[in-house]
Amino acid sequence: MFLNILKSKIHRATVTDAQIHYTGSITIDSLLMQRAGLLPFEKVLVVCVESGERLETYVIEGERGSGEICINGAAARKILKGDTIIIMSFMLLDEKEAKTHRPVILNVDKNNMVVSVMEKSDSSDEC
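The opening residue of the sequence shown carries number 1 in our numbering; numbering runs sequentially from there.
I should point out that these hints are in silico values taken from the structure, not numbers from a laboratory. Among the hints, a few may not be true.
Computed beta-carbon distance windows for the label pairs [as the list claims (entries may be wrong)]:
| id | residue 1 | residue 2 | range |
| --- | --- | --- | --- |
| 1 | Q19 | V114 | 31 to 41 Å |
| 2 | M1 | V115 | 28 to 38 Å |
| 3 | D94 | G65 | 29 to 39 Å |
Calculated cross-link-like contacts (lysine-lysine; reagent style PhoX-like; alpha-carbon spacing at most 20 Å) [what the hints assert, rightly or not]:
| id | residue 1 | residue 2 |
| --- | --- | --- |
| 4 | K7 | K96 |
| 5 | K43 | K78 |
| 6 | K7 | K43 |
| 7 | K110 | K81 |
What you are looking at is a predicted structure, and each value in this text was computed from that prediction instead of being measured. Glycine residues also receive a C-beta, built at the ideal position from the N, C-alpha and C atoms.
Make the full structure from the sequences, and use the hints.
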């Protein structure tokens, strides 16, 4: 049996732009992608803190070190520039692996610069 487990989370990122006429996706600073272990075209769940909207999309690389977080396509109607979001990626693990896996959690500031990196040591969700 495989379980869908949190792989990584970019916590409380600020949306820097929203491009409704772009063809889908979320653009993320490639440095944040690297630190979170995200790959181009990887599926992510995005949650908007202000509205409670939850949506799935895929990642495309933004300019390295820019702090860019851009919501593209139809999602730009639901999540707006300036909104605070949580970006989560998941992975399939068997039960044995899932018991010892620890997700990478990036806490970022209002400019989307990493202020701390956590690898959770227990099952609580403090962030």
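To see whether the hints hold, each was checked on the structure:
no. : hint                   : verdict
1   : Q19 / V114: 31 to 41 Å : violated (24 Å)
2   : M1 / V115: 28 to 38 Å  : holds (37 Å)
3   : D94 / G65: 29 to 39 Å  : holds (36 Å)
4   : K7 / K96               : holds (15 Å)
5   : K43 / K78              : holds (18 Å)
6   : K7 / K43               : holds (12 Å)
7   : K110 / K81             : holds (12 Å)
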